[in-house]
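Going line by line, the protein sequences match chains X and R.
Following our numbering, the numbering of the first sequence begins with 12 at its first residue and continues without gaps.
Following our numbering, the numbering of the second sequence begins with -6 at its first residue and continues without gaps.
Hint data in this document are derived by calculation from the structure and do not stem from the laboratory.
Calculated pairs, DSBU-like style, for lysine-lysine (alpha carbon to alpha carbon, straight line, at most 30 Å):
(1) 106(X) - 51(X)
(2) 249(R) - 333(X)
(3) 319(X) - 404(X)
(4) 243(X) - 249(R)
(5) 249(X) - 249(R)
(6) 243(X) - 319(X)
(7) 333(X) - 238(R)
(8) 74(X) - 243(X)
(9) 191(X) - 243(X)
(10) 249(R) - 404(X)
(11) 319(X) - 249(X)
(12) 191(X) - 249(R)
(13) 74(X) - 106(X)
(14) 106(X) - 333(X)
(15) 333(X) - 47(X)
(16) 74(X) - 51(X)
(17) 319(X) - 74(X)
(18) 192(X) - 249(R)
(19) 47(X) - 106(X)
(20) 191(X) - 106(X)
(21) 273(X) - 47(X)
Residues per chain are reported as follows:
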Amino acid sequence: MDLTYTPEQEAFRAELRRFLAENLPEDVRDKVRLGKRLTKSEMQDWHATLNAQGWLAMSWPRKYGGADWDAVQRQIFEEEACRAYAPRIVPFGLKMLAPVLFEFGTEAQRQRFLPPILSGDHWWCQGYSEPGAGSDLASLRTRAVRDGDHYVVNGQKTWTTLGQHANWIFCLVRTDPDAKKQEGISFLLIDMKTPGVTVRPIVLIDGEAEVNEVFFDNVRVPAENLVGEENKGWTYAKYLLTHERTNIAGVGFSDAALATLKHVAAHTMAGGKPLGQNPHFAARLAQVEIDLLAMRTTNLRMVSAAAKGQAPGVESSMLKVKGTLLRQELSALLRRAAGPDAMPYLPDFLEGGDNADPQGPEHAPAAAPGYFNLRKLSIFGGSNEIQRAIIAKSALGL
Amino acid sequence: MLRDMLRRFLDDRYSHEARRQVLAEGHAFDMEVFGALAELGILGAVFAPEHGGYGGTGTDLMVVFEELGRAGVVEPFLGSAVLAGGLLAILDPDGQRDLIQQIINGEAIISLAHTEPQSRYDLTHVTARAQDQNGQVVLNGTKTHVQNGAQAGTLLVSAREAGGPFDADGISLFLVSGSSDGVGCIGYINVDGTSSARITLDAVPLAQGQRLGPPGQAIAALEAAHARATLALCAEALGAMEAAKTLTIDYLQERKQFGVPIGSFQALQHRLADMLIEIEQARSAVINLAGHMESDRLTRERHVSATKNLIGRVGALVAEECIQMHGGIGMTDEYALSHHVRRLTMVDHIFGDTDHHLERFIALSGTSDAIGKDDDARQ
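Next comes chain X alone, as it looks inside the complex:
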C-alpha cells in the first residue's frame, strides 16, 4: 500500500499549517500545550474561527456549510491541529449528531438543527449512558411516553461530557418497554431549557467537573424532535458508533504528547543529566515511539480504506483499544517525567490563573490530573473490554 501523501495532500497540509500558525491565539495554544482547562468561550471562539474558514464541519457536504473533506484530509487536519496545540473540536453536534441527521433525519430537521451547530448557537451533548446502563447500553431505562404531539421524558443520563455548557442533548430513550431491549429505543432531540431538565456536575479524580448527570422530570418534547422512526434508535446509535470514528485512534494527540514528552525529557535533570539520557526512561520513551510509528500506519491503512468508502467496522475497535492504551501510556510517562513536581494540585494554574505558583516546571501541574483524566479513554465510547468482545466476535468469529 502507498504510505506517501499525494502532492495535493501535502499542499493541503501546508495550507492547514499556515492557517493554524496565523489564527490560533497564542494564549489558547499555550493552555492546550500545558494541559490547562479551556473556558467555554475559548472553545466557542475556536469553533467560530474554523467556521469562518469553512473548516469546522469537515465531513459535511458543502451545501450545508461543510468542507466535504475525505477521510485522509480529515486525518491530516487532526494531525496538524494536534501538532499546533489547537483546542479539540467539540464533537457532539458536528461529528455525532450531524451524521445521524444526514442519514436518518428529515430535511426539515437538517435545516433546523445544522445551521445552529455551525454558528455555535446550539451546543450539543450526548445522552446515552445511564447509572444502570454503561457497557450494556441497550438496557437503558429513560422513558419517553407519547402524549398527543409530545413525548414526556422521565429518567436520568450520566457521564454527559461538557453538559454544563450544552443547551441541547440527543438522547436514547425507551419508547417501547415491552419490546426486546434493543428494539424499544428511540433517538430524541431535547432542548435543555425545557422545564424538568436538571444538570448536576460530577467532580472526577482530576478535580474537574467535565462530566454531568442530566435528570428528566416530566420533560415535554415535541414529537417532531424524534429522529427517524420510533423504536429504531438503536440502529442510529450503532451507526453513530461505527462512523466518523477515523480519529478514534487519536494518533494526532499521541504525536503531540510524544513531542511534549521529548521536550520535557530533554529539559528535566535527573541525577545530573537530562532525563532523556537515563537508560530506563529512554527505553520507555523509545518503546512508546516505536508503537506510535506502527500505530500511525495502522491508522493510515484503516483511514484510507474508509476514504475508499469501506466503512470501518471492527477496525475501529482495534484502533480504539491500541490508540487509547498508547495515549494513556504517554500520559503516564509525562507524569513520571514530572517527578516530585507532579504532586502539587494547583487548580488556579490549571484554570489559567496568573497568580498561581507552579512550584515546578510549567508542564508539571497538569501531569497527574492529565494522567488521571485519560483513564476515561479506555472506559467511554464502549469500554476497551466491549471493543475486545466485538473483535473476538466479528474479526475472530469466536
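Starting from the known structure of chain X, arrange chain R on it as the hints suggest.
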C-alpha cells in the same frame, strides 16, 4: 493488637465522607483525629523504647502504616514522626528527647526540609548553604515538597557546609523554628489530599546547637531515616491496594450488566486474579523491607530499592485496573476508590520512583561497573 485497635478506630472515625469533608473545608488534616490517634499511642509505636516510644521496629511501622493506608489517612505521621522524628532519634536522641516526646504525644509536628527544586529523587543533591555572612552563620536556599511544612512548628533543614551539589559529604541538618526570621513558607495541597510546602530560607540566622550531629556528616542518617520512611510509605501503599481491591471485588459482585454481575465475566475474573497475585508480592516485598531495617547499609538499601520499585509497579497496576474494572464510577471524586488511586499513584513520586529505584538496585547490586562507580562516587 495494635492493628486491631487502629483498624477499629479508623473504621469508626475515619470514613471516606469525613475525610472528604475535612479536605473540602480547606484543612490539611483533622487536628482532633490526629490528637485521638496520638492518644491511642500510634505515634509511640513508631519510636523505639530508648527514644520514649514502645515500638520502632520495621514490623511496627508496617502494621501502623498499612492501616493508615487502608483508611487513606492524611494526618502527619509519615513526614513528621517517621522521617523528621526518625532523624532526631538517630542524630541526637538525648538532646532532642523532649521534642521527640512532644511528637509522640501529638503536641509537635516537625518537617524535614530537604528536597530542592532540582534534586528530584537524589538524596545527596543539596545546594542550600549554611555559611558565614557578616560574622553570623546563616542558611540560604529553597526547599520544596516539604511534607506538612506549613503545619510544622519546627523544620529540620538540610544545608551544605562543604562540597558541590551531588557530594555526599558536606551536608548538615539544622533545627529551625518555622517562625524564624528569613523563613518563607507557601503551603499547598497535593493531588492525593496530603499537604506540602515550599520553604524559602533567606539568611536565616543560626545559633550554636541548632546543628544535629557533626558538621557535614548527615547523609548516613538521611539515608537511614529515608529507609524507614520508605518502608512506612510502601506499607501505606499496601493498605491502599487492599482497600482498592476490596472495593473492586464488592463492585464486581454487585454491579450488573447484561443481566449478570460483571464479576461473572472471565475476562474480569482473570484480571482480578492477576492483581491479587501482585498484591501478595507487594506484601512480601514490604515484609522483606521491614525485616531488614537493622541490616548493614548495603543489604538494607538494596531492599529499600527492591521494595520501592515493586510497590511502584504494583501500585500502578492496582490503580489502573481497579478504575478500569469499575468504569466511570471509579473515576468520581465522590467514591473512595479514586482517592486510594490518587495516593497509590503519588506514592511513586515520593522517595524515588520505580525507575530511580531500579537503577539504584542495579548499582547497589554491583552488576554494572559503570553505574556502580558513579554511585560510589556519590555516596
